[in-house]
Structures are given as C-alpha cells and as structure tokens.
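Participant: Generate the whole structure from the sequences, applying the supplied hints.
Protein sequences appear in the order of chains A and B. Position one of the first sequence corresponds to residue 238 (our numbering), numbered consecutively onward. Position one of the second sequence corresponds to residue 238 (our numbering), numbered consecutively onward.
Any given hint could turn out to be false.
Note: identical chains are not told apart, hence a pair may lie in one copy or across any two.
[Claimed, not checked] As a list, the in silico EDC-like pairs of lysine to aspartate or glutamate whose alpha-carbon atoms are at most 20 Å apart:
no. : residue 1 : residue 2
1   : Lys-500   : Glu-425
2   : Lys-500   : Glu-586
3   : Lys-280   : Glu-403
4   : Lys-500   : Asp-413
5   : Lys-280   : Glu-429
6   : Lys-280   : Asp-413
7   : Lys-280   : Glu-425
8   : Lys-500   : Glu-575
9   : Lys-280   : Asp-426
By construction, these hints were calculated from the structure, which means they are not laboratory data. Please read these numbers as outputs of a predicted model, since none were measured by experiment.
2 protein chains.
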Amino acid sequence: MHPDAPRAGSPRAPAPVRFDLDRYLSSARRAVLDEIRAIVGSKGRYDPILYQLMLDYPLREAKGLRPALCMATCRALGGRLEAVLPSAAVLELYHNAFLVHDDIEDASLVRRGAPTLHEQHGVPIAVNVGDGMLSLALQPLLDNVPEIGLGPALRILQAVAHMCRETVEGQALELDWVRQGAWDLGEEDYVELVVKKTGWYSFITPVRVGCIAAGADEATLEGLSDFARAVSIAFQIQDDLLNLEGELDAYGKEIGGDLWEGKRTVMLLHALRTCSDDERAWALDLLARPRPDAEGARLGTLVDELHARGSLDAAGHAALQEALARATGGVALAPKTEPEVRALLALLERQGSLAHGREVAERWAAEASTRLDAFLARTPASVHTRFLQALVDYVHRRAR
Amino acid sequence: MHPDAPRAGSPRAPAPVRFDLDRYLSSARRAVLDEIRAIVGSKGRYDPILYQLMLDYPLREAKGLRPALCMATCRALGGRLEAVLPSAAVLELYHNAFLVHDDIEDASLVRRGAPTLHEQHGVPIAVNVGDGMLSLALQPLLDNVPEIGLGPALRILQAVAHMCRETVEGQALELDWVRQGAWDLGEEDYVELVVKKTGWYSFITPVRVGCIAAGADEATLEGLSDFARAVSIAFQIQDDLLNLEGELDAYGKEIGGDLWEGKRTVMLLHALRTCSDDERAWALDLLARPRPDAEGARLGTLVDELHARGSLDAAGHAALQEALARATGGVALAPKTEPEVRALLALLERQGSLAHGREVAERWAAEASTRLDAFLARTPASVHTRFLQALVDYVHRRAR
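Facilitator: Following this line, the structure appears as structure tokens:
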C-alpha cells in the first residue's frame with residue numbers, strides 16, 4: 238500500500254497537505270535539548286571531565302523520535318507541554334545513557350557518524366559518564382510533583398523504573414546469546430529481545446509517560462502501548478534491513494554492519510532456518526569468528542603475519558596466540574574476511590530473507606496502523622495526532 | 238587515647254559492658270540481605286543471566302557498615318525498623334552497583350577475596366549487571382510512600398539522587414587525575430575526592446536517610462551529616478594505611494596494593510610533597526608505568542621475553558610493541574617491578590608518610606567523636622546509640 242493512500246477502515250479523509258514530519262521533530266528536539274542542557278547544568282571543574290561528556294551523544298545529529306512521540310501523545314490527549322517536557326527530556330537522557338553503555342558492551346566503534354564515547358575517552362570514563370546520565374534523570378521526575386500532581390508523578394517514576402528493568406533484561410538476553418553462541422532462535426525470541434532491549438525505552442515508555450502526563454484513562458494507555466510495541470518491532474526490523482542494504486554498496490570501503498558483528502536479526506535467523514545443513518554449518522562457523530577490527534583480532538592478524546614472513550618462530554607464534562586468546566577471553570580464531578561476509582549476505586538474498594524481513598516489518602507496521610486508527614477515531618484531530626499518523630506512515634515506507 | 242577510655246567532654250559514663258559491634262552488624266546484615274533478595278526477586282530465564290549476578294557482590298563476605306549505620310541512625314532517633322529497612326537495602330544495593338562499575342573503571346582483579354565480576358563474566362555483562370542494580374533501586378523508594386508518608390519518601394529519593402551525582406563526580410575526578418597523571422595535589426584535593434567518591438554513599442547518605450526516615454529535624458540531620466563526613470575521611474585513610482601495611486608482609490606472594498595501582502592517598506601525596514626533587518622525579522616516573530598484571534603489560538612482557546630468547550626478531554619486536562601500545566591506548570612502558578614498588582614504600586616510610594597518615598586519620602576520627610558526642614548528649618541511650626559510639630571507637634583503633 239502506498240503510504241499516502243487513504244487506509245481502508247480509517248474513518249478520516251487523508252490529510253489535505255502532506256504533514257511536515259521533520260519540522261515537527263526538529264521543533265520538539267530543540268525544546269528537549271534546551272531541557273537536557275538545564276538538567277545537566279554546569280559545575281565548574283566537573284564540566285570538562287563529566288557534564289560536557291554527558292551532552293556529547295544527545296547533541297549529535299539525531300531525529301529525536303522518542304521525546305517527540307512522548308510529547309505528541311500527551312498533547313494529542315489534551316495535555317500541556319509543560320506537563321510532559323521534563324519527562325520527555327529524561328527519556329531522551331536515559332536513551333543516550335543506554336547508548337553509551339551499549340556501545341561499550343557491543344564494542345561499537347562509531348555512533349551517529351563519530352567515534353563512540355569509549356573510543357574517544359576510554360571505557361572507564363564512558364562507564365562513569367553513562368552512570369552520571371542515569372543518575373541525573375531522577376531529579377526532574379521528582380520535580381514533576383507540583384506541575385502534574387503527586388499521583389501522575391509517581392506513576393511516571395514507576396514507568397521509568399519498569400523501563401530500566403526491561404532494558405537491562407533485553408541487554409542481558411542478547412549478551413547471553415552472544416556468549417553462548419545461541420543461533421537456534423525463532424521469531425518470537427527476536428520479538429522478545431527487541432521489545433525489551435529497545436522497544437520499552439524507545440516507544441512504549443514514551444507513549445505511556447505521555448498518557449500519564451495527560452491524565453489519560455487506562456484503556457487509552459494500554460491501547461497506545463500496544464501501538465508503540467508494534468511500531469518498535471517494525472522499526473527495529475527496518476533498522477536491520479537498512480543496515481544490511483547499506484552493506485551492498487560498501488565495496489570494501491569500510492567495515493561495518495550487523496553481519497560483521499553477528500547480530501541476531503529476523504533476516505539472518507530466517508536464512509539460518511531455511512538454508513541447507515552444510516550452509517548452516519558454514520555460516521555458524523563464520524559467525525563465531527571475530528570482526529577484523531575487534532580488540533585482539535588486529536593483534537592476532539599481526540602475529541600471524543610476523544610468523545608468515547619469518548620474524549616469529551613457531552614456538553613464539555603459539556605462545557602469543559595463546560596469550561592473546563586469554564587476554565580477549567576467547568579462543569584464537571581468524572577474523573571474518575570481506576569475501577566471507579559477502580558470501581553470507583548472498584546466502585540471505587538466496588533464501589529470500591530480506592524479502593521475508595520486509596514482510597514481517599510490514600505486518601507489524603499494519604498492526605501499528607490498526608491500533609493507531611482506533612485511537613484517532615475517538616480523538617480530536619490536531620497537529621499532534623497528525624504527527625502520530627505521519628510517524629506510522631514513515632514506518633510503512635521506511636525500508637521498502 | 239585508648240578507645241575504651243571515657244572521652245573528655247563526653248557527658249556519659251563509659252558503657253559498663255563492651256558493646257558487641259559484630260553482633261549488631263551481622264543482625265543488621267541478615268535483615269538487609271533478606272530485603273535485597275526480595276528487591277532483586279526472581280524472573281525465570283533472566284535469573285542466571287542477570288538477577289543472580291546482581292546478588293554476587295552483596296552476598297560476598299562484608300561487614301555491612303553502611304546499612305547498619307542507616308538503620309542505627311533511624312532507630313536511635315526513635316524511628317521504626319520498617320520505616321528504614323527498604324531504604325537501607327537500597328543503599329547497600331547502590332554501593333554494590335558502584336563497586337561493580339568501579340572495578341571495571343579501575344581494572345581491579347579481586348573484590349572481597351574473589352575475582353571481580355568483570356573478570357568472571359567479562360566487561361559487557363558486568364556493565365549491564367551494574368545498570369540493573371541501579372535500576373532496581375528506585376521501586377523500593379517509591380514503595381516507601383505508604384510506610385513513611387509522601388514528604389519523607391520524596392526527600393529520601395532526592396537524597397539518593399544527590400548521592401549518585403556526588404559519587405559520579407568523585408569517580409570523574411579520580412579518572413581525570415589518572416588520565417592527566419596529576420600528582421601535584423594537596424590534602425584538600427584528597428578530601429574532596431574521598432568525600433565525593435565514597436563518603437556520600439558510604440556514610441553521609443546512610444545517615445541522612447536514617448534521619449529522614451525517623452522524621453528528625455534539620456539541625457540533627459546536618460549535625461549527623463558532619464559526623465558522617467568526618468568518619469568517611471578517617472575511614473578511607475585507614476583503608477589506605479591498611480593496604481600499604483599489607484604490602485609489607487606480601488613478600489612476592491601476590492601482586493596487589495595501592496602502590497602498584499598508583500592510587501592517590503594521603504601517604505603517597507605526603508611523600509611526594511616532602512621528598513627531594515630527584516626522589517620525586519624517580520617516583521613519578523615509576524607511578525606512570527603500568528602494573529605487571531594490567532591488560533597489555535602481560536602481553537608486553539611476553540613479547541620482550543620472546544625477543545630476548547630469539548623467537549622474535551627486532552623488526553617484529555618493534556611492530557608488536559607499537560601495536561600493543563595502540564591497543565591499550567598508551568605508550569609502551571615497562572611494567573613496575575617488585576623491587577621498585579618496595580623502594581617506593583621505603584620512601585614513604587623514610588618521609589614519615591605512614592605516621593602522617595595515621596595523624597590525619599586520627600584528627601578526623603576525633604572530629605567525628607566530637608560531632609557524635611554532641612548528638613548523644615541529647616539523645617536517649619539505646620542499643621542503637623551504643624552502636625554509633627562503638628563504630629567511632631572502632632574507627633579510632635582501626636589502623637594503629
């Protein structure tokens with residue numbers, strides 16, 4: 238279905254003018270960044286070693302979907318901007334704190350076009366900066382009490398506490414799969430992971446907090462939570478699709494992408510489920526091996542080269558391989574190569590796994606549309622309801 | 238002054254029977270650990286990969302001074318156990334979460350007699366487990382509302398938010414000193430660091446939370462906060478003294494101790510301030526070099542050995558040294574050796590730095606006594622006031 242076409246079952250006529258999603262987003266983002274700057278504040282000698290680093294990720298180029306969704310939900314329900322803005326800013330701060338720690342946990346090198354925080358300042362400082370961002374997020378939620386009343390303020394605090402728990406569980410699940418080398422996973426496992434790891438903090442909690450700040454009833458809150466859950470799954474599958482498709486164009490230019498990292502995606506799991514036993518064995522062997530840019534792998538490659546050119550004898554080669562394996566907590570495996578990763582991508586295409594991923598994403602996007610339409614049918618139209626509609630339209634056309 | 242002797246200026250007679258500090262501590266610890274188990278709870282597949290790991294540090298052998306201090310403060314002021322127990326457990330959980338992340342940041346290998354969490358499970362899982370412990374700590378503080386009322390519950394939340402901010406600032410300051418190689422530091426720098434890095438979460442916040450849970454007035458809260466601040470400084474200097482003295486007996490048995498790590502202590506800073514320029518230059522050069530068990534240093538030593546025994550030629554040696562330095566983000570420096578660290582300890586003894594440390598600790602312990610006496614003079618005696626007294630007595634005799 239074309240995203241601009243009126244949707245069957247929708248009681249509303251299509252918007253006469255195309256909604257300017259980017260303009261709504263950038264206006265929300267400006268307000269949220271001002272609020273984040275105020276939350277982080279300034280404290281003399283601690284600015285360059287702590288507080289300025291907390292602003293690094295939030296100030297990098299980003300759409301700011303999460304806080305905009307939180308604010309749009311509240312205001313679509315008739316809530317005031319002041320009732321939701323501090324909480325929206327806190328959610329954005331949490332999001333960025335999780336990114337700082339996730340980047341350490343996933344050994345990521347680049348975030349939003351620049352080196353990750355731990356690449357720039359080392360793991361110790363990045364762990365601490367993430368902790369600082371998490372710890373700053375509490376006070377603005379306490380300050381909500383005079384603005385929105387005690388009951389809603391406490392419910393928002395509880396929603397954020399629950400969000401943290403879900404996020405940490407999602408991260409634990411993925412780290413466990415990586416450690417165990419678990420690949421025998423179905424789509425329900427993928428959905429459980431994605432909803433926990435990113436769904437709760439990216440979409441579900443922003444919507445729930447928006448509802449609470451607006452004083453919405455329980456049915457509205459749960460209905461919109463289901464909408465947000467469906468969006469989060471569609472959105473993550475699309476992210477993974479865009480990542481794989483980006484791979485197609487990167488002819489040896491740079492190393493990146495989920496296949497190098499061995500990330501569990503709908504597409505990769507589909508390919509592993511449907512390919513032959515031999516292909517599966519080959520793929521699992523490849524996926525167990527490190528990225529060439531992983532710590533240890535660069536050194537391992539150098540050690541192999543020195544041995545090959547006669548600078549290092551056999552005994553020394555064995556001793557260094559063993560020491561490197563111990564230092565990186567794994568076995569000494571040769572890193573993945575570019576042709577191998579291209580062959581894995583070819584396997585995904587042969588199995589129709591990208592098309593399968595597009596189908597699954599579209600199913601969840603349609604689910605999101607249905608849930609949102611039910612909400613919009615009984616909600617007065619406004620720029621905020623039109624943002625929610627435009628967000629879903631964007632999700633429908635994002636990875637086609 | 239002997240710790241059991243009556244203190245000048247104290248209006249009370251000495252306790253007729255010696256107070257059993259360990260018994261009070263272990264009883265408090267049992268209650269707190271039950272509470273922590275209830276907070277962490279159980280959640281099927283997430284237990285072995287997340288929730289059981291959160292209990293690892295809390296269940297290791299420890300005195301449990303922090304929660305006992307929190308509970309004793311509340312109950313000395315007439316507050317009920319139920320009013321303070323959940324908050325005391327939360328503080329203990331935070332303490333352990335900070336330890337998990339600090340151990341990563343300081344690259345510590347051992348904690349309470351066993352390998353650190355990141356040594357056992359890797360940095361990614363340890364970062365996430367620490368985040369999980371921090372995120373679990375919010376809900377019990379929200380559940381305080383029906384038990385102690387809204388106002389005190391919000392004030393405890395605020396106290397905990399402030400504690401986190403101080404702790405993260407302290408950690409940022411120390412990491413900055415390490416990164417800058419800053420050694421030109423006075424005792425006021427040391428006090429600022431210690432109060433922020435451990436004082437707020439170990440002593441000041443437990444006491445403040447105990448006061449709030451008991452409904453104490455502002456003067457009592459501030460007076461006891463000053464007491465806790467003085468205890469925290471005395472306590473940390475004593476920790477550092479015990480660490481240095483432990484070094485004396487460890488003839489090559491195991492690698493450990495603050496001198497190996499280059500930790501900024503009152504004693505080391507004193508020696509650097511008072512020694513000759515030559516000694517200072519020698520010491521600063523030594524302190525800039527890594528521990529032999531640091532990541533990279535073990536590999537560097539192996540590379541040197543392989544070169545010495547002819548397994549690795551000169552070109553290969555140079556290439557590997559350069560690659561190792563890049564991987565560890567530093568320059569390739571030879572690790573500290575046992576005789577060099579012993580020579581540094583001898584410098585501290587020659588300069589009278591250990592005696593100086595003992596004096597400074599005793600000054601802060603005396604300050605703590607004065608503050609506590611003022612409180613005890615107007616507080617009915619109970620097993621809880623006797624615990625506070627015994628705690629200060631313990632601090633007086635701890636590192637003599």
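Participant: When the structure is checked against the list of hints, which entries are broken? Sort them ascending.
Facilitator: No hint contradicted; all consistent.
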